[in-house]
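J.: The primary structure of each chain is shown beneath.
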Amino acid sequence: MPADKGGVFVFAEYGTQAIEAISLQLVGKARQLADELDSYVGVILLGKGIAGSFQKLVEAGADLVFQGDSDSLVPYQAEIYSQILVELVKEYNPEILLVGSTSIGRELAPLVAARLETGLTAHCIDLSINASGILEQRIPAYGGLITIICPRKRPQMATIAEGVFPNPTLNASRSGRIVSLDVPKDFLLRAQTLEIITETAVGVSLDTASIIVAGGAGVGDLDGWNEIVELASVLNAGLGSTRPVVDAGWADFESMIGQSGKMVNPVVYIAAGISGDLQHMVGVIGPRIMIAINNDPKSKIFKQVDYGVVEDCRVLVPALVQALKNR
Amino acid sequence: MIDFTFTEEQELFRKAAREFAETRIALHVPNMEKTDRGWDEVVKELSEAEMFAVTIPEEYGGLGIGYVGRLIALEEIARISVATAMMYQVFGLGIEAFIKSGSEEQKQQYLPKFATGERLPTVAVTEPSGGSDPKGCQTSYTKANGAYILNGRKCFITNSHTADVQVVLAMDCNNPDSFTTFIIEKGMEGFKPTHEEHKVGMRGCNTGEIELKDVVVPAQNIIGGEGKGLKVAMTVIGDVGRGGMVGCALGVQQACLDAAVKFASERVLYGKPISNLQSIQFKIAEMKIDLEAGRLLGYRAAALQDKGERASNEFAVAKYFTTEAAQKAAKMAVDIHGGYGCMDEFPVTRYLRDSFVLGPSAGTSDIMKVIISRWALS
Amino acid sequence: MLSIVVCVKAVPDPKEADKLMIDPITRTLPRLDIPLVFNPLDCHAVEAAIQLKQKYSAHITALSMGPPPAGNILRECLALGADQGILLTDPAFAGADTFATAYTLAAAIKMVEPVDVVFCGMASSDGSTEWVGPQIAALLGYPVVTRVREILDDQGDNWLLKADFDRGYRKIKIKLPAVITVTRNLNQPKALSFSGILKARSKQIKEWNHDTLGMPIEHIGLKGSPTYVTEMTRLESSRAVEMIGGTLREKVECLVKILSDAGVA
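Chains as they are written, first to last, in my numbering: chain G, 1 to 327; chain E, 328 to 705; chain R, 706 to 970.
Honestly, the hints are just simulated from the structure, not real lab data.
Since the model is a prediction, treat every value here as computed from it, not as a measurement.
Where hints are given, some of them may not hold.
Calculated cross-link-like contacts (lysine-lysine; reagent style DSS-like; alpha-carbon spacing at most 30 Å) [said to hold, decoys possible]:
1) G:K48 to R:K928
2) R:K895 to R:K908
3) R:K720 to E:K589
Residues from chain E shown here face chain R by an in silico Cβ test under 7 Å; the list is partial [to be verified]:
4) E335
5) L339
6) E346
7) E377
8) L390
9) G393
Note that the Cβ used here is the ideal one computed from N, Cα and C, for glycine as well.
Please model the entire structure based on the sequences and the hints provided.
T.: And the structure:
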């Protein structure tokens, strides 16, 4: 690969048994960007016992895989990870660095960006290279899309959520190279993750649900929200929410769908009491059927769905629940 | 001349009062409506939120925020529950009797406990023989062995059953032109609240009758001096009583406007929200005009009070205007709701019923006009 | 005595913020008068500081970068129990991205040092990036923990925290001075009280601009921002909506049929 061309780098993550889907999606996208820039894709992977993952990353589009394999890298420690990343970036001077919008990514990316005094864009739903070779980062805002660029500082950094870019087609004929990273051994940590505990999720997972029922501010109050929960239960659907619902304390952040929450792609999506705000709608990717229930006939949600019902959720949802139960 | 804006501090008072009303009072309203009781809970909330300390000077354990602050708090509370606001304002009336007419010992003895809500006072003037005509008061007292013996009945008294202390107006048996106000305490032999009223509106606001049968009252319980009773009572009713009604009425006006705007923006007829129709817009405009005017009248009078001046005439104007406006606003809001305006689930039906009680409280509209004409003709 | 800084932001009222929409013809944001309110998550940051002050003694500085109306937010912090407020206000701060914002806030915190802990809400309701807290930490050279939901041990200068992480949480030890960003689950913010508002009368809000901070213009505001917006477009949707009308029963029946035909009911 051209040595003087800054590469397109991806910070990849290794889950319990495999590379995270988001990481592969980003590598796929990085490949596309690198091709446009006539450059290469570098992937950073840190963890323990990850040597076997190299192959899949290359098949997804990586040219260089920077691997750190060490006990000190499990569990994730912000100070070590950011130190490694900053040093690597200073050595290779990549054009672009993409990070998944995960728990690690959302803490690590800003730390790295600040130390490098470069720009970092959150909630990207689209990336492209413009005529001047600059990365155009598009994010949903103010009822539309805004384009952000970081023309002077490097690398141009962005975080992207899972599901924004498709799973890449793996190309078994691709080849790449591993670069083993030096991992500091006796790093004095001031913030030390002691253990990571998984809590069992209740209900149908939003990531895999074929039907999702989501409620917004229009449900009115906790009683109204409980009707939405009931509807999701009766339909065996995933339960989604919007920011106002989470802010009101009726639902957890985990159920929030949208720009700062989850991206979902069910077959059927029911939006009850949701105004159609872009920050939420951008989280709903390509359902076959979208249905909206809203009290306000002027609501912009009605321009974004297949079926619309003008009605107070608090009246319609219980009636719908009853009718479904009676079948 | 005047700066018509609230200070940043007053805006914070309003924010605190609004949050209090929305988070701590609103949840009690359905129960109060259903049972016509539930006042203990809201009175407790008022105490914990330091509401009773608002007009009490700092040297007596209060916050000394003043009367503009009181009006702000009342407005915000009344918007959510005018029944709660009414009880709050009448406790304030009782507190004012002590602030304006209490001796130093009485202030030291009673005000600090009023400030925390540990004990609360009300004022009892109205009787079956007259409220509009306070001199028609027949509750009377005689003197015996340096003490006073009271007999009589008071009605339509807010906080009749909840108040720990009542400032009662009584006529001198030996001199029907002389009146004295006495501090009557719960537990005094012969004093008891009797009948509880069930009103068409302000449900959950404790209103009732009290009875005094040979109640022995020591001389130190006279407040304001013997023979000065009418002055004591009318002063506080004139300023603080009327001022309190202004707060109650403004809250109802605002609630009616909010409900009307919400309904009109959502209700679709002829393919558009009815807020597009001029007949609806005009009703909303009238409500808005009355609210703007009512606020100016009320806050102007309260500002006078904060300066230490009398404001009973200005409050008479504000009380007349806002309580009449609240009744009009409620009717207009109900009309805008069409058929839904008769249905219990819609708050406007409650505002309509609540608005009826605003008129005769702290002096009827006709009495207000008598006072105002006297002011204009003087 | 603990020295605490709480970073707070005045944001457009989330209940009205969706009125702010890109004009499809001019492709700019119209000037709308949406009232500024306390960023909801910052209330939890302030409450965390107040609770520490009640437990051990502490001096709390509320810090905000914003236009003059943001001073009202600081006044509220004083009424809630903060000891002083600092408003970073300067036309030159305008157009700042998260890096320039963090840079400015960090410069102010350096002037308040020594500091034991900096609390921030996890994210603001407008930009919602979650970046400013960690970036302040990086610029100050403090460690950071994001998304804290519980403080397990706050004695001495080694704290034990529980923070949201993946599909659960992590237990994390942190050495002060540190930056901690908080979630709503950390605490229940107390209501504004009248006596608190009165106590705020004797407290000060300082106003600092870039000169006070000794910052050259190149590092602040738009000039100091590595990123900026180049374009805005309105999104047009591609779905054609079929409105379902009729009585309540008819609407429900129609929906049931749609769901049934789709194979989900």
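J.: Does the structure keep K720 (chain R) and K589 (chain E) at a Cα separation of 30 Å or less?
T.: 15 Å, holds
J.: For the hint on L339 (chain E), just tell me whether its beta-carbon gets within less than 7 Å of chain R.
T.: 5 Å, holds
J.: So, as I understand it, the hint says G393 (chain E) touches chain R; can you test that by seeing if any CB pair is closer than 7 Å?
T.: 11 Å, violated
J.: The hint names E346 (chain E) as touching chain R; please verify it with the least Cβ-Cβ distance against 7 Å.
T.: 6 Å, holds
J.: Just to be careful: measuring from the Cβ of E377 (chain E) to every Cβ in chain R, is the smallest value less than 7 Å?
T.: 5 Å, holds
J.: Compare the distance between the alpha carbons of K895 (chain R) and K908 (chain R) with 30 Å, and conclude whether the hinted pair is satisfied.
T.: 20 Å, holds
J.: Does K928 (chain R) sit within 30 Å of K48 (chain G), going by the straight-line distance between their CA atoms?
T.: Distance ~42 Å between K48 (chain G) and K928 (chain R) Cα, so the pair is violated.
J.: Please check whether L390 (chain E) passes as an interface residue: C-beta within 7 Å of a C-beta belonging to chain R.
T.: 5 Å, holds
J.: Is the hint on E335 (chain E) kept, meaning its closest Cβ partner in chain R is under 7 Å away?
T.: Holds. Min distance 6 Å.
When the structure is compared with the earlier hints, violations turn up for hints 1, 9 and for no others.
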